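J.: Place chain B on chain A using the hints.
Same order as they appear, the protein sequences are chains A and B. 0 is the number of the first residue of the first sequence in numbering that gives the first Met the number 0; add one for each residue after it. 0 is the number of the first residue of the second sequence in numbering that gives the first Met the number 0; add one for each residue after it.
No lab work stands behind these hints: they were computed from the structure. All figures in this text were calculated on a predicted structure; none of them were measured in a lab. The beta carbon of each residue, even a glycine, is placed where N, CA and C say it ideally should be. Keep in mind that a hint or two might mislead.
To be verified - Here are the computed lysine to any residue pairs in the SDA-like style, where the Cα-Cα straight-line distance is at most 20 Å:
id	chain 1	residue 1	chain 2	residue 2
1	B	K243	A	A88
2	B	K133	A	I108
3	A	K334	B	G295
4	A	K334	B	S200
5	B	K243	A	G39
6	B	K243	B	F254
7	B	K243	A	P94
8	B	K243	A	L114
9	A	K334	A	A115
10	B	K243	A	I108
11	B	K243	B	R233
12	B	K243	A	R97
13	A	K334	A	G145
14	B	K133	B	I112
15	B	K133	A	L111
16	B	K243	B	A256
17	B	K243	B	P229
18	B	K243	B	G231
19	A	K334	A	G308
20	B	K243	A	L80
21	B	K243	B	A128
22	A	K334	B	N308
23	B	K133	A	A360
24	A	K334	B	R306
25	A	K334	A	A88
26	A	K334	A	A312
27	B	K243	B	P115
28	B	K133	B	R233
29	B	K243	A	A101
30	B	K243	A	V125
31	B	K243	A	T90
32	B	K133	A	P94
33	B	K133	A	A117
What the hints assert, rightly or not - Example chain A residues on the side facing chain B (calculated, C-beta under 10 Å, incomplete):
id	residue
34	I69
35	M202
36	L205
37	L220
38	G223
39	L240
40	A348
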Amino acid sequence: MTVTNSRTAAPAAPATVLPRRSPAPEAPEVRRSLGRLQAGDVWSLFGAAAAGLSLTGLLYTQLTPFSGVIGFVLLSYLLFLVCYTLLLAQTNDGPAVRDRLAAAVVHSIAGLLLLALAFVVAFTFVRGWTALTNLGFFTRDMSGVGPLQPLEEGGILHAVVGTLIQIGIALAVTIPLGVTCAVFLTEVPGAFSRFVRTVVEAMTALPSIVAGLFIYATVILILGFDLSGFAASLAITVMMLPIVIRAADVVIRLVPGNLREASLALGASQWRTVLHVVLPTSRSGLATAIILGTARGIGETSPVMLTAGVTTALNLNPMSNSMISLPLAVFEFVKSPEPVMITRGFGTALVLLILVILLFAAARVLGGRGPGQLTRRQEHRRVRQSQRDVRRMTAAREARARAAAAAPPDAPTSIVPGL
Amino acid sequence: MATDVASERSGAPGERPAAPAPPPDRPPARVRAAIGPADLLFRGYLRGGGGAVLVVMTLVGVFLAYQGYEALRVGGWEFFTTEEWNPDSGRGAFGIAAVLVGTVIIALIALVISVPLALGTALYICEYAPARSKPTLIAVIDLMAAVPSIVYALWGFYFLQWGLAGVARWMHTYLGWIPFLDVPGVDPANPLAGWESTYTSSSLVAGIVVALMVTPIACSVMREVFDQAPQGEREGAYALGATKWGMIRSVVLPFGAGGIIGGSMLGLGRALGETIGVYLVISTVFQIQPHILMNGGSSIPSLIALRYNEATPFGMSALMAAGLVLFLMTLVVNFAASSIIARSRSGAASEA
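Bound-form chain A, shown alone (with noise of 0.2 Å):
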């Protein structure tokens, strides 16, 4: 009030006026939560739950004749949110129901899918544990081996040897092939490579069997060749090439068209840019996609099994004989009802998950980063490599200017600034 009247008063005071500083405030002000997670909520949660598993317990020991795990926990969950709206509607207005609901129902999708894989990889771990803790499963093969002999004979030197043969030979074909033609649908526009862009996107799901039983139908029946670990590393290649080249055309597509442009304005042609630019840039993202791909190969059952056969044996020839890989041979020792080659089985089938964990560890290792992302050591080389550069370069402008210094004035001088 004070301020108001003095300026009434005095129309030539300063028309800035500071405003008084309001007393402090008695209480601290409280901070307000602004998460939506409240006491209230956790409480009806909490009871909701109970609530929904007593009745469950209820109908299956008193009431109805259910059995069955996977049905108590069904029946609870269903109860649970039967509860949970009954409860959330004491207090709240319709919207908010629905908010609180959709989010229930929407976490423990999320921890459903979750708690499968879990128990999935869980299952494979725990009933081929034993397979594994002898380390002659590794170094011995199946032949001679009976379906009655002890777990500690055999093992499955062949299947893993296969594997890597084949996969091996389907990456020396894939990885020039496949990067070369996602070089090409991102460096050469046109209907073209629309065209096989299309094609390549539709045989991403190509039926693994169907690249089996096209192999087997060019390479084995027309061509006469023998099942053999060569004809399965083909059906693999058939069916991994769509997969690589369609993560490497999404990650060569994310190379900044400005770091193009730059390698373009300053002189290079296109080869050279794509060498020394685009596809450094994008190494780490191909280095994901060819992983990713080469885990997908892996795993494939069915190609090998049409165009490789099965054996027992170590073969280390992929041109001749059968040659088994780790995914048939799961597939062969469950066929068996004898538990020991079920347990083989599961051992198998964990060596091949833990192959598959590894080769998607070195995944995210090396393609965590987007292109343009430097690791520390990557930077600090940058930067060391850049301020050689410089050293470099002053000592070339200073030798010109000595040696146009030294030289007869009337010769024409051609030093370019700033080179």
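T.: Then chain B, alone, in the frame of chain A:
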């Protein structure tokens, strides 16, 4: 690199042309960069790589058609209407009616289970999960897609089909009046000694196993689309007082509709072609088997895996024809999926 653009458009490169708009009868000259010989060679090499891939992919269809032609010629239209499969014994009847229906049934079961799972998980990762755990969750889902199908098949064969028998019996008892949930010839109230084996090896078990394999594929497509839902529209919905679910319903889901349909169809294409998961779980019968709880079912991939070994040349041709049908089916589904993803609004935003 030399360009010959400037000299074409205006006589003197330094000065601006008097009339900036070209005369209406003459279209503007096309800008065309000169390409050196090294680049011509390089482009030829790239085109060759693309062409080679195209040839391989086309050959798959061509050779299947070539090898399957004889069986299709002999079988004629009855190839699609006959249920049994006896091409090897002389000129026995053979057709894919049963296996085709079986394939579609298993794929549909997988779709019905995997779409809600994938949708819920994608929504959780995009909207509900804490930001810190998001990369880990994405990696876990990708890993799930890379787990070999034989691992899922083992799980389905040794655990799921026995664990699910109780549920199947319950469904049979109380929902048996729905035609496809019935199990003809079995009374659920009758305490059989080995009643579980009535419900094992069924299309439902195979469908669940396949659903676990295709869920991560559908989920990653949906997640990518949901991530692109525009932030401004999300904030607009919140500003209008929407709850989180209200925002998801009015912004994220309509925006991602193309991705949801496309992702589900990609999963369907994968489910149609799944071999080993179905082959190990199901016990193949060659009749149209619409009772999904009942022991027995069939699919084209498991038919091929079952019969290729003892097939005569003519039987092989019949299997090739079945493979061709499967191939064309997955191709159509996949084409439709990618065009839906590409044409939806959700796909358009990814070009930025």
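J.: Indicate, hint by hint, whether the structure satisfies it.
T.: How the hints compare with the structure:
Distance hint between K243 of chain B and A88 of chain A is fulfilled; the C-alpha atoms sit about 18 Å from each other, no more than 20 Å. At most 20 Å may separate the alpha-carbon atoms for a hinted pair to count; K133 of chain B and I108 of chain A meet this at roughly 16 Å. Taking the CA atoms of K334 of chain A and G295 of chain B, the gap is about 18 Å. The hint holds against a cut of 20 Å. Only pairs whose Cα atoms come within 20 Å are accepted, and K334 of chain A paired with S200 of chain B is accepted, the gap being roughly 15 Å.
Distance check on the hinted pair: K243 of chain B and G39 of chain A sit about 18 Å apart at the alpha-carbon level, within 20 Å; holds. For a cut-off of 20 Å, the pair hint linking K243 of chain B to F254 of chain B stands: about 15 Å separates their Cα positions. Note on K243 of chain B and P94 of chain A: the hinted pairing holds, with a Cα-Cα distance of about 10 Å set against a maximum of 20 Å. Taking the CA atoms of K243 of chain B and L114 of chain A, the gap is about 25 Å. The hint is violated against a cut of 20 Å.
With a C-alpha separation of about 25 Å, the suggested pair K334 of chain A and A115 of chain A falls outside the 20 Å cut-off, and the hint is violated. As the CA atoms of K243 of chain B and I108 of chain A are separated by approximately 17 Å, the hinted pair is consistent with the 20 Å bound. For the suggested pair K243 of chain B and R233 of chain B, the alpha carbons sit about 9 Å apart, so the restraint of at most 20 Å is met. Using a Cα cut-off of 20 Å, the hinted pair K243 of chain B and R97 of chain A holds, with the two alpha carbons roughly 10 Å apart.
For the hint pairing K334 of chain A with G145 of chain A, the CA-to-CA distance comes to about 14 Å; that is within 20 Å, so the pair holds. Under the criterion of a C-alpha separation no larger than 20 Å, the hint pairing K133 of chain B with I112 of chain B is inconsistent with the structure, at around 24 Å. Restraint check for K133 of chain B and L111 of chain A: the C-alpha separation of about 17 Å stays at or below 20 Å, so the hint holds. Taking the CA atoms of K243 of chain B and A256 of chain B, the gap is about 18 Å. The hint holds against a cut of 20 Å.
For the proposed pair K243 of chain B and P229 of chain B, the alpha carbon gap of about 15 Å is at most 20 Å, so the pair holds. Only pairs whose Cα atoms come within 20 Å are accepted, and K243 of chain B paired with G231 of chain B is accepted, the gap being roughly 15 Å. About 15 Å separates the Cα atoms of K334 of chain A and G308 of chain A, which keeps this hinted pair within 20 Å; it holds. About 19 Å separates the Cα atoms of K243 of chain B and L80 of chain A, which keeps this hinted pair within 20 Å; it holds.
Of the supplied pair hints, the one linking K243 of chain B and A128 of chain B holds, its CA atoms being roughly 13 Å apart against a limit of 20 Å. This hinted pair checks out: K334 of chain A and N308 of chain B have alpha carbons roughly 16 Å apart, not beyond 20 Å. Simply put, K133 of chain B and A360 of chain A have alpha-carbon atoms about 17 Å apart, close enough for the 20 Å limit, and the pair holds. For the hint pairing K334 of chain A with R306 of chain B, the CA-to-CA distance comes to about 16 Å; that is within 20 Å, so the pair holds.
Between the alpha carbons of K334 of chain A and A88 of chain A the distance comes to roughly 54 Å, so the proposed pair goes past 20 Å and is violated. Proximity of K334 of chain A to A312 of chain A is assessed by CA-CA distance (about 18 Å); at most 20 Å being required, the pair is judged to hold. Restraint check for K243 of chain B and P115 of chain B: satisfied, since their Cα atoms lie roughly 19 Å apart, inside the 20 Å limit. Distance check on the hinted pair: K133 of chain B and R233 of chain B sit about 19 Å apart at the alpha-carbon level, within 20 Å; holds.
Between K243 of chain B and A101 of chain A the CA atoms are separated by roughly 9 Å; this keeps the pair inside 20 Å, and the hint holds. This hinted pair does not check out: K243 of chain B and V125 of chain A have alpha carbons roughly 41 Å apart, beyond 20 Å. Using a Cα cut-off of 20 Å, the hinted pair K243 of chain B and T90 of chain A holds, with the two alpha carbons roughly 18 Å apart. A hinted pair counts as satisfied when its Cα atoms are at most 20 Å apart, and K133 of chain B with P94 of chain A does not qualify at roughly 27 Å.
Taking the CA atoms of K133 of chain B and A117 of chain A, the gap is about 18 Å. The hint holds against a cut of 20 Å. With a cut of 10 Å, the hint placing I69 of chain A at the interface with chain B holds, because the nearest CB-to-CB distance is about 5 Å. Checking M202 of chain A against chain B by beta carbon gives a least distance of about 5 Å; that is within 10 Å, so the hint holds. A least Cβ separation of about 7 Å between L205 of chain A and chain B falls short of the 10 Å threshold, and the interface hint therefore holds.
Annotation: L220 of chain A was flagged as interfacial toward chain B, and the flag holds, the nearest CB pair being 7 Å apart, inside 10 Å. The restraint placing G223 of chain A at the interface with chain B is violated, with a minimum CB-CB distance near 13 Å, outside the 10 Å limit. Interface hint at L240 of chain A: satisfied, since its Cβ lies 6 Å from the closest Cβ of chain B, which is below the 10 Å cut-off. Checking A348 of chain A against chain B by beta carbon gives a least distance of about 5 Å; that is within 10 Å, so the hint holds.
The structure fails hints 8, 9, 14, 25, 30, 32, 38 (numbered hints given earlier, in ascending order).
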